[in-house]
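K.L.:
Chain A is fixed; fit chains B, C and D onto it per the hints.
Chains as they are written, first to last, in full-length UniProt numbering: chain A, 1 to 417; chain B, 1 to 417; chain C, 1 to 417; chain D, 1 to 417.
Please note that the accuracy of each hint is not assured.
Since the list gives no way to pick one copy over another, a pair counts as held whenever it fits inside one copy or between any two copies.
Unchecked claim - Below 20 Å or equal to it, Euclidean Cα-Cα: the simulated DMTMM-like pairs (lysine to aspartate or glutamate) are:
hint : residue 1 : residue 2
1    : K104      : D262
2    : K199      : D102
3    : K416      : D169
4    : K416      : D4
5    : K132      : E370
6    : K104      : E264
7    : K299      : E374
8    : K133      : D8
9    : K7        : E395
10   : K416      : E51
11   : K7        : E130
12   : K133      : E51
13   : K279      : E213
14   : K104      : E333
15   : K40       : E51
16   : K133      : D102
If you are wondering where the hints come from, they were derived from the structure by calculation, not from laboratory data.
4 protein chains.
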Amino acid sequence: MTIDLPKDWADRLGGGLADFYRDLHAHPELSFQEHRTAEKVWEALAPLGLEVTPGVGGTGVVAVLRNGPGPVVWLRADFDALPVQEQTGLPYASTARATNPDGKDVPVMHACGHDMHTTVLVGTLQLLTETKKHWSGTVVAVFQPAEEIGGGAAAMIADGILDRFPSPDVVLGQHVGPIPAGVIVYKSGVVMAAADSLKLQLFGHGGHGSQPESTVDPVVMAANVVQRLQTIVSREVSPFDPAVVTVGYLHAGTKDNIIPDDAELGINVRTFDETVRSKTLASITRIAQAEATASGAHKEPALTTTHSFPATVVDDTVMQQLAAVFRGHFGAEHVIENPQPVAASEDVSLFGTTAGVPTAFWFWGGYPQETYDESARTGRPVPTNHSPLFAPVLEPTLSTGVEALTIAALSRLNTKR
Amino acid sequence: MTIDLPKDWADRLGGGLADFYRDLHAHPELSFQEHRTAEKVWEALAPLGLEVTPGVGGTGVVAVLRNGPGPVVWLRADFDALPVQEQTGLPYASTARATNPDGKDVPVMHACGHDMHTTVLVGTLQLLTETKKHWSGTVVAVFQPAEEIGGGAAAMIADGILDRFPSPDVVLGQHVGPIPAGVIVYKSGVVMAAADSLKLQLFGHGGHGSQPESTVDPVVMAANVVQRLQTIVSREVSPFDPAVVTVGYLHAGTKDNIIPDDAELGINVRTFDETVRSKTLASITRIAQAEATASGAHKEPALTTTHSFPATVVDDTVMQQLAAVFRGHFGAEHVIENPQPVAASEDVSLFGTTAGVPTAFWFWGGYPQETYDESARTGRPVPTNHSPLFAPVLEPTLSTGVEALTIAALSRLNTKR
Amino acid sequence: MTIDLPKDWADRLGGGLADFYRDLHAHPELSFQEHRTAEKVWEALAPLGLEVTPGVGGTGVVAVLRNGPGPVVWLRADFDALPVQEQTGLPYASTARATNPDGKDVPVMHACGHDMHTTVLVGTLQLLTETKKHWSGTVVAVFQPAEEIGGGAAAMIADGILDRFPSPDVVLGQHVGPIPAGVIVYKSGVVMAAADSLKLQLFGHGGHGSQPESTVDPVVMAANVVQRLQTIVSREVSPFDPAVVTVGYLHAGTKDNIIPDDAELGINVRTFDETVRSKTLASITRIAQAEATASGAHKEPALTTTHSFPATVVDDTVMQQLAAVFRGHFGAEHVIENPQPVAASEDVSLFGTTAGVPTAFWFWGGYPQETYDESARTGRPVPTNHSPLFAPVLEPTLSTGVEALTIAALSRLNTKR
Amino acid sequence: MTIDLPKDWADRLGGGLADFYRDLHAHPELSFQEHRTAEKVWEALAPLGLEVTPGVGGTGVVAVLRNGPGPVVWLRADFDALPVQEQTGLPYASTARATNPDGKDVPVMHACGHDMHTTVLVGTLQLLTETKKHWSGTVVAVFQPAEEIGGGAAAMIADGILDRFPSPDVVLGQHVGPIPAGVIVYKSGVVMAAADSLKLQLFGHGGHGSQPESTVDPVVMAANVVQRLQTIVSREVSPFDPAVVTVGYLHAGTKDNIIPDDAELGINVRTFDETVRSKTLASITRIAQAEATASGAHKEPALTTTHSFPATVVDDTVMQQLAAVFRGHFGAEHVIENPQPVAASEDVSLFGTTAGVPTAFWFWGGYPQETYDESARTGRPVPTNHSPLFAPVLEPTLSTGVEALTIAALSRLNTKR
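Chain A on its own, in the form it takes in the complex (with noise of 0.2 Å):
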């Protein structure tokens, strides 16, 4: 199969696209709170003819472009940005604060690309509908919120999405990464970790700094906690199962000479098997428990699961006809097959299990040379997603995105000559 799209397309649509896109990204919004960026998306879709609905699943936007009958296909983009505070110095760089669920003012920014998924999602649209003469059947796009703390596929679910919508036969996704421009890296199967997260609750007896030994201190117990949590990866678990116990956040006290009552520290684990998922999980639990009784702590911590994702699971069949068209579009030496899943998370394939449809999702590049040049010339390594120097080159990760999505698409609808 041949799809051509027309060769024209990024000049016309790309400069308003670019602009779409830094306005994304100057104005990030936390999860379950992107009120305004729902609100470009409709106004970027309101030209195009779509039926929209914004409010699925909280601020979560479907649009639906019914084109004769065919196959369903459903294009997902997550829309929601990250508590860091941007250190890229772009010009378009996020100032932007906000109140997070636990009533903390914030920082915010783009730093896991959702703004470049975004955009390219509306870029897709506007060539398939341009488009339209050339194939037949729907395509459900699916702008969805709080990707990042995995609540957002199940609240688009649980609101009704697969009712109120046309059922997909196939879900497609794709995400930006520190991967080089221009390049699409896939795998089928398990393409991604399952991640749980969980706060931990550490409860010693807080006093004054200068008598220690009237209080159970809760930051030497963290402290412990923190480095026995070490011990899953390096001595539990098989060196032959990924696995990963990251201490993301760590809080307590207010003043260097008051000793607080309690320590908070988020955990986060990735794994690719359900049994060592429950070993590190249940290991967690015991060295948590344990530590607070060596500080003889007089009340047991609190270990709670804040949310949970799990594994993305790729169909082959699905992924690597994709991949030939990729391959087709981009030159083979652009399209990488991964040999290895990655550590990441994801909720998209939440929408294809509870469908029972398969799911294809990729990763397309976003960095130029010259990052990957500095980094081998300063030895810092180049910034992952979530950091806050993550920032993707507009172009060609731009129409890169746009070109795969679309013609991902156009494999899986009808083509009319």
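P.N.:
Showing chains B, C and D alone in chain A's frame:
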């Protein structure tokens, strides 16, 4: 010398003082933010006809009671509160919040009893005013801001307190603590520790929580620093040299799945000897740097001193005389000499040291027998100063404090018959 | 190719082999001290009419079975034991002790099954001798010393094994392990890890146990090193790069009340990729130095490599052919391809690498169903190689091993009809 | 009271004593193995005509010098050595080795100066014999074995020393230490710590070094215990309660690539107060158990007390009188009262406590000015008792020790004119 206080003073004045205390307790203010407290002091002193000067050293208040020729006795009370979330369950418990110097919204509580100190000094001025015919000399009441962060006394001195008001012959102060109510505890020589408050910033390199290998994890770095700091007291300082190294706060990160760039620790050091102090501070520097190196950090940690208290030194001659006066008034069994210093710190001795005159400073008790009984029953220690549960019983704490300070002042003034 | 072994071989030869095995098991010898073992091998091979050369590479033995023109197949078995105190409770359990290279008296045990490897190679030579009329070519049996400490293969090569004996066309070897008895497990490519053995000496400054302040405590230093080493695998290496850092021994001090001068750690590193290997070794150096600095040590640690194994690489073509032969002989359900390498290490591949010929190496099982049942019942894991409880069941382990090695050899020799 | 010693005693006796000392130093013996030492003592005392009884409490020696009516004064010297590898470089340095109670071959050194104590007691008996016409009473010289492991005094008492020999009116002893030569340091009350020696066995589950996931790593468990133990002194004991928790030895494993089953730690605890002592011991138990749980151990740790010393309590009246005698003899500037106890421990006070009579015990110096100069120059601390570098200078250490003990004894005996 015999000092007779009016027998009925507590009945006449105590009710008002109790209300004054409860009001202060319910409205605590952070260091250098004590505007309402200063106003309340001003209101309480207004009827007494004293010379009251607000705004000394920021929010401090100085009241002068002139009563003919004789010695000048300074009575000092501190009046700031702490960023602690009160958990006493008292009817007049604080629900106050304030913005701390870092711009964060924090709870505020009188968790160190400065509300009691302030109330007692107001009561003492009332009693000294009432009994003016029995003594001569000058009393200067110093309501000091910002004792908790160690800058209040210095600010009042920098603001000219020693020049603008009658210069002291002696400085007297007292502190309420977890001592049986009705009891006075004293010591001469070094009575309280030197205290250094340090801010330690550890610099890692952030990234996605699933890719620790591309980061330098500041949470793990911080945990190692906390554990290593324990070895200063356990291994590097002689068991006969009292020393405390407390990490009172530790903050890193915002989300469980983002490895942050930095961690910040608040370290409090208590020592009683200059050699031990400098050795301990040097060890903290050495440990922080070495642990950053062990983590492969690209940047050295930043260690800054935020506050520094001198050791509190009490004049032996004055204190022994006051102890005799206390024994005469309260009974010998209620006046106890402490064999060892207290690990907490104070800036009260800056006034005397700067003026070149002796300081006397003692502790009095605020805990009823029931508190000790409950502690014995539950095995939970009696709440110390700075605990969210710190709650001295109103009486006899208030009257003991007023009587102790009043007779101490009278014993240093001239007696008139 | 069909290979028919005499049906009754096990009945005729097995009893003698079992006695031979039990004798070796009861008399284990440390690396390069295998004098008795070499003599026993010599005695066992004497009746077969082979050319037997002892003392190759120290205690190694080489036996050549010439049988006309054809390929030269090397069969290799290692025959040294470990400093482990046997706890199997077997009637023929070892009570042997020996002096290790540090001059210490240690227990000795065949805890890695090399006694089984040696017995199987003796049995294979018996069987190949018996069946000489069916094949032609040359078999060279290599009884290698000192596999455990990684110097045995190198010593035999240095001693001219490749020049003094018929040069190999292929090198074959196998290893017994905690696999169900009767089962063969194989993989091509990297099958076993690169292994580096490091000795880390930490230098403190000793003194009386009651005066830590006048010492630099090497026990505390060592504890911090051990904990920090955990973070290499947990934080510095990608979850997709298998790596192990084990501190197998830690020795410091002689009496509880004397703080010693030094501590010594034995560190074992397993990696499957040269980049990961060099990064891990660099991190160990960095951590050891930084933790010594954190302890205030006057002297840098000394880190020396005591042994170093290359990764074991198996030829894909040869191994796939052997797997087909094994499936034909044992049944497909008993021949399993391992999806991942084994973290243990071997020096067998040095022979093939040096000679420039392919190596094949596989694992076979020694554990009966009861062992797995007991493990399931008690929750205690099945004892692995190097455990004091490691005890393969005699049969069918012995006959499976002999048959596997014999048919593997025959499949690489010429067939005569 | 004036005590005149023969002016020339040192010239006449000192040479022989120096030889005696060098011989003892070159031939140290472990606790309860002091057979040669006891024989040398017997040989040295034989010419003096005393009643010498060997074999008291194992290897102890008791010598009685009867000289008419009067008080009975016990003079006690301990004579065992330590498992330390001498590094002094002295011409008479020890190269001795011995088998310790665990059956291990260890180096032996007089690293605590007991050779000096023994020599001084021999010299004192010579001097007291020479001066018999000036005093009356009875002197009992107690050459005690096994002070280092804390069982020697108890063994002599169990062997009937208090019944078989004249019962004491007072017990006198002294200890050489890192004090300027010629100086006496004393204190009454608690002068030395209570000491508890604990053996902690941690039980993991061993296996191959490449498969940590199938083991419970006792080395990691031990490292966590060592670090956690630091927090007892740093966090659980008041800074005003001197306490020391030392892990003097830690042993686990034999090879870097075998994860061992167990680890053993030798823990030494020094305290000066029974409440602190029991709290500390309870915390050690709690920490060991909790860290085993944190490691997922299948078996609880075993914690056993191997030795236990009481606090050493010196009688105030006797010690003050002796201090006056020392000041008269050595000059006031050479007799210093120690403001605080010493963290080391002794079993000397068992004799007095059991007999119900006062004990006096003091320290005297063995280090010349050069040692202090070198320490100042190099920054390396002066070697303390138990260091491999501990080396008191022969003179004036020897004569100061003999004169101090002799005049102390004479001051408690009757004077004859």
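K.L.:
Evaluate K416 and E51 at a C-alpha cut-off of 20 Å and name the case that applies: within, between, both or neither.
P.N.:
This pair counts as neither: shortest intra-copy Cα distance 23 Å, inter-copy 79 Å.
K.L.:
With identical chains, the pair K299 and E374 could be close in the same copy or across copies; at 20 Å between alpha carbons, which is it: within, between, both, or neither?
P.N.:
between (50 Å within a copy, 18 Å between copies)
K.L.:
Are the CA atoms of K133 and D8 at most 20 Å apart within a copy, between copies, both, or neither?
P.N.:
Within one copy only: 17 Å inside, 78 Å across.
K.L.:
At 20 Å max between alpha carbons, let me know whether K133 reaches E51 within a copy, between copies, both or neither.
P.N.:
Result: close within a single copy only, 19 Å intra versus 84 Å inter.
K.L.:
With identical chains, the pair K104 and E264 could be close in the same copy or across copies; at 20 Å between alpha carbons, which is it: within, between, both, or neither?
P.N.:
both (15 Å within a copy, 18 Å between copies)
K.L.:
Regarding K7 and E130, is the shortest C-alpha distance of 20 Å or less found within a copy, between copies, in both, or in neither?
P.N.:
Answer is within: at 12 Å inside a copy they meet the 20 Å cutoff, but 77 Å across does not.
K.L.:
Taking 20 Å as the upper bound on the Cα-Cα distance, should K416 and D4 be classified as within, between, both, or neither?
P.N.:
within (12 Å within a copy, 64 Å between copies)
K.L.:
From the Cα coordinates, with 20 Å as the cut-off, is the pair K133 and D102 best called within, between, both, or neither?
P.N.:
For K133 and D102, the Cα distance exceeds 20 Å both inside one copy (50 Å) and across copies (60 Å).
K.L.:
At most 20 Å between C-alpha atoms: does K279 with E213 qualify within a copy, between copies, both, or neither?
P.N.:
between (36 Å within a copy, 11 Å between copies)
K.L.:
Is it within, between, both or neither when you check K104 against E333 at 20 Å Cα-Cα?
P.N.:
neither (47 Å within a copy, 52 Å between copies)
K.L.:
Regarding K199 and D102, is the shortest C-alpha distance of 20 Å or less found within a copy, between copies, in both, or in neither?
P.N.:
Answer is within; shortest intra-copy Cα gap is 12 Å, inter-copy 25 Å.
K.L.:
When no copy is specified for K416 and D169, does a C-alpha distance of 20 Å or less occur within a copy, between copies, both, or neither?
P.N.:
within (19 Å within a copy, 61 Å between copies)
Consistency with the previously given hints fails for numbers 5, 10, 14, 16, ordered from lowest to highest.
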